[in-house]
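A.B. asks: The residues making up each chain are set out below.
2 protein chains.
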Amino acid sequence: MSVDSDPASAPSPAPPVSRCVVQKFGGSSVASAELIQRVARRIAATRAEHERVVVVVSAMGDSTDELLSLAHKVNSAPPPRELDQLLSTGETITAPLMAMALERLGVPAISLTGPQAGIRTSSVHRSARIVDIVPERIVDELDHGRVVVVAGFQGVSDALDVTTLGRGGSDTTAVALAVELGAARCEIFTDVAGVYTADPRVEPRARPLPEITYGEMLEFAAVGAKVLHPRAVEIGETYSVPIVVRSTFEDHPGTLICQHPAMEDRLKIRGIAHHSGVAKVILTRVPDRPGVAAQVFGPIGKAGINVDIIVQNVSHDGFTDISFIIAEEDLPRSRPVLEEVARDVRAEQVVAATDIATVSVVGTALLGTPGMAARIFQALSAKNINVEQITTSQIHVTVVIARDRVAEAVRALHDEFELESD
Amino acid sequence: MSVDSDPASAPSPAPPVSRCVVQKFGGSSVASAELIQRVARRIAATRAEHERVVVVVSAMGDSTDELLSLAHKVNSAPPPRELDQLLSTGETITAPLMAMALERLGVPAISLTGPQAGIRTSSVHRSARIVDIVPERIVDELDHGRVVVVAGFQGVSDALDVTTLGRGGSDTTAVALAVELGAARCEIFTDVAGVYTADPRVEPRARPLPEITYGEMLEFAAVGAKVLHPRAVEIGETYSVPIVVRSTFEDHPGTLICQHPAMEDRLKIRGIAHHSGVAKVILTRVPDRPGVAAQVFGPIGKAGINVDIIVQNVSHDGFTDISFIIAEEDLPRSRPVLEEVARDVRAEQVVAATDIATVSVVGTALLGTPGMAARIFQALSAKNINVEQITTSQIHVTVVIARDRVAEAVRALHDEFELESD
Chain A
56 MSVDSDPASA PSPAPPVSRC VVQKFGGSSV ASAELIQRVA RRIAATRAEH ERVVVVVSAM
116 GDSTDELLSL AHKVNSAPPP RELDQLLSTG ETITAPLMAM ALERLGVPAI SLTGPQAGIR
176 TSSVHRSARI VDIVPERIVD ELDHGRVVVV AGFQGVSDAL DVTTLGRGGS DTTAVALAVE
236 LGAARCEIFT DVAGVYTADP RVEPRARPLP EITYGEMLEF AAVGAKVLHP RAVEIGETYS
296 VPIVVRSTFE DHPGTLICQH PAMEDRLKIR GIAHHSGVAK VILTRVPDRP GVAAQVFGPI
356 GKAGINVDII VQNVSHDGFT DISFIIAEED LPRSRPVLEE VARDVRAEQV VAATDIATVS
416 VVGTALLGTP GMAARIFQAL SAKNINVEQI TTSQIHVTVV IARDRVAEAV RALHDEFELE
476 SD
Chain B
56 MSVDSDPASA PSPAPPVSRC VVQKFGGSSV ASAELIQRVA RRIAATRAEH ERVVVVVSAM
116 GDSTDELLSL AHKVNSAPPP RELDQLLSTG ETITAPLMAM ALERLGVPAI SLTGPQAGIR
176 TSSVHRSARI VDIVPERIVD ELDHGRVVVV AGFQGVSDAL DVTTLGRGGS DTTAVALAVE
236 LGAARCEIFT DVAGVYTADP RVEPRARPLP EITYGEMLEF AAVGAKVLHP RAVEIGETYS
296 VPIVVRSTFE DHPGTLICQH PAMEDRLKIR GIAHHSGVAK VILTRVPDRP GVAAQVFGPI
356 GKAGINVDII VQNVSHDGFT DISFIIAEED LPRSRPVLEE VARDVRAEQV VAATDIATVS
416 VVGTALLGTP GMAARIFQAL SAKNINVEQI TTSQIHVTVV IARDRVAEAV RALHDEFELE
476 SD
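So the protein sequences, as listed, match chains A and B. One rule links them: number in the numbering used here = place in the first sequence (from 1) + 55. One rule links them: number in the numbering used here = place in the second sequence (from 1) + 55.
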């Protein structure tokens with residue numbers, strides 16, 4: 056159009072296609088026919104306000120565990136490809152049930168499996184990564200006015216085999232779809248009202264945060280808050296998709312996870328996370344020489360065991376103790392690896408303790424604020440809680456303490472940083 | 056190779072690729088982890104004798120009914136496409152479990168869904184027809200020495216939607232795969248030792264037949280023997296694939312269904328079938344005029360309701376009664392259609408009776424042997440069993456009698472034709 060043409064006679068631009076909303080509902084939100092109907096009413100309300108709605112669902116309740124137990128009955132070490140064929144049915148069952156419930160409410164809907172939704176993944180069964188999303192089918196169904204219900208946690212490899220995305224898989228499906236579709240936001244529905252300042256079962260005065268940054272959410276997720284998987288947060292951060300964590304059954308706005316929260320919310324302590332399901336491993340009297348850490352942590356990493364809070368004591372008489380934290384559930388399969396590592400590095404012995412827990416203070420206020428660590432130690436020592444180990448990042452301080460003092464520690468720190476008030 | 060070359064120096068011909076065997080296991084054969092392991096041992100024994108084995112499995116026990124009931128909880132009239140997405144998961148669960156159980160026994164195996172197995176169907180959800188099988192993936196896996204376990208009952212439409220094949224779907228999958236792969240035979244494993252001369256729960260002296268023709272099997276299946284679906288028999292007949300019906304848990308050779316049974320087995324009465332799940336419908340005082348039958352049976356056929364044994368009385372005073380048999384389970388959804396038909400043809404009323412049953416004598420001996428019908432009537436009248444209606448084909452005679460006399464009738468006819476002896 057030439058600049059001098061009459062604006063009044065120019066065709067008015069096509070109205071912008073409204074951006075879609077992605078909503079993800081976890082297993083506890085869809086655990087029964089009744090709950091599915093309840094969730095469908097919630098989706099119908101969203102559909103009344105937004106033209107384009109994509110829903111991602113998890114498997115019903117603990118149906119994945121039931122399938123897993125069936126698999127282990129016929130084969131104690133089931134091949135991962137077959138396990139993926141089996142486990143993916145959990146989400147594949149929920150999706151059509153949700154579409155049926157929506158149709159029942161007069162909302163046009165269609166369910167798609169991960170492969171039908173065009174979710175292409177690597178071929179690493181049980182922990183596949185999404186490599187691409189081919190969104191044509193979803194877009195076509197949205198264009199026809201249908202709510203699209205996608206089975207989470209699953210995709211398809213180049214060999215046309217079904218893959219599953221591992222822990223946090225449905226969260227990852229939801230955020231990845233939100234990125235691909237250019238969604239206005241991705242809403243993660245769960246059984247709590249958002250990301251809390253502390254676990255409300257431990258600290259009754261804990262409250263949901265209105266907003267936090269991706270970085271803070273990553274720290275929360277990494278140190279034990281189970282509300283959203285770190286993988287999903289990372290994708291959201293990379294592509295700047297706003298994520299909202301909110302309650303399925305309460306009408307609460309939830310917590311918005313985004314790049315730049317409101318100015319007044321910056322540089323604050325955001326909350327206290329804790330994690331009791333951890334174990335401390337100590338390799339004692341390791342001959343201290345260059346490269347010994349690599350010799351220890353190489354094989355452990357290869358075995359797929361995540362390690363946190365590594366402490367290597369200052370060497371005396373040529374020997375050192377190396378200790379670190381792992382998930383308690385990883386302890387059984389770590390044992391043989393650890394015994395071999397201990398032999399290789401000529402450690403005296405391997406000691407594992409499970410009477411410990413971690414407590415973390417999270418928030419951008421920790422960025423270059425050295426006084427924070429001191430306040431944490433003071434608050435805990437005032438309660439006679441001993442800090443065994445400590446680790447810090449730019450936005451968290453984590454301490455290792457006795458497991459039976461966790462609740463006290465969480466409440467003491469929640470108090471210290473006045474998190475009960477906004 | 057020229058005819059005069061030295062045979063000793065000629066290269067020996069490549070060994071022929073061994074033909075594969077297709078084995079199908081129904082829901083009651085795979086109802087638990089223990090049964091799946093038992094079936095896996097049976098497959099492993101077959102694999103020890105045959106290089107190429109394809110297995111088709113149904114959903115575990117009554118899991119399909121459970122999924123159906125879940126669907127009806129969220130939507131009393133679930134959309135057929137969504138129902139197919141849902142119900143197909145039943146078979147999709149069994150297949151990887153069977154592959155895992157085989158791997159546990161050291162037998163390399165892989166599971167494929169219907170879509171992965173290349174089973175292309177029409178897009179009529181809930182009763183799709185197989186239009187093509189693209190066997191590349193199956194052949195490739197067989198070439199790699201794997202037992203291929205295919206989820207029965209399902210396929211994929213041109214729109215890449217999952218479809219299900221309706222009643223007898225897994226039998227149909229198995230026979231169609233046997234045709235496409237040029238299998239030596241298709242074995243249908245079930246909870247009985249083969250096709251019996253009568254239902255052994257009704258006539259304890261009934262015995263499994265060693266061989267019958269496709270035509271006889273079709274008659275058995277059409278008149279109530281549930282051991283194998285007529286669709287599967289028809290495909291087997293069209294492509295001359297031998298089908299064996301045999302027991303999963305007994306080591307019995309079963310019944311071979313083929314084109315030409317052994318000479319001595321021809322022109323015999325093969326067995327007695329019965330069906331109690333039927334209803335008789337009567338349209339009374341229908342004004343008799345040309346075309347009235349088409350007016351009655353056109354709409355009923357369009358509604359997908361199968362009709363059998365039509366009887367139209369000789370007209371007197373210009374009115375006639377039209378009666379026919381339908382499946383009792385079709386009665387509820389037939390009602391509105393029948394009421395409309397009755398209005399259209401100005402019938403006096405629609406009467407339905409469910410206190411009836413059908414009993415059929417099956418065998419090629421009936422071909423052009425008019426005396427047979429007389430023997431049937433005599434045997435029944437000797438027991439004071441009244442024959443309400445009768446229909447015949449080339450290889451069956453079916454009578455309609457009171458439902459509470461079925462067991463007596465089956466035993467009387469089994470006696471009359473001396474079916475207990477070979």
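Since the hints were made in silico from the structure, they are not lab data. Be a bit skeptical, because a hint or two may be false.
Copies of the same chain look alike in the list, so a pair counts if it fits in one copy or across any two.
Here are the simulated SDA-like pairs of lysine to any residue, each with C-alpha atoms no more than 20 Å apart in a straight line [what the hints assert, rightly or not]: (1) Lys128 x Gly161; (2) Lys281 x Glu266; (3) Lys281 x Asp363; (4) Lys128 x Ser118; (5) Lys357 x Asp246.
None of the values given here were measured: they were computed from a predicted structure.
A.B. asks: Kindly indicate which numbered hints from before are broken by the structure, ordering the numbers from low to high.
C.D. replies: 5
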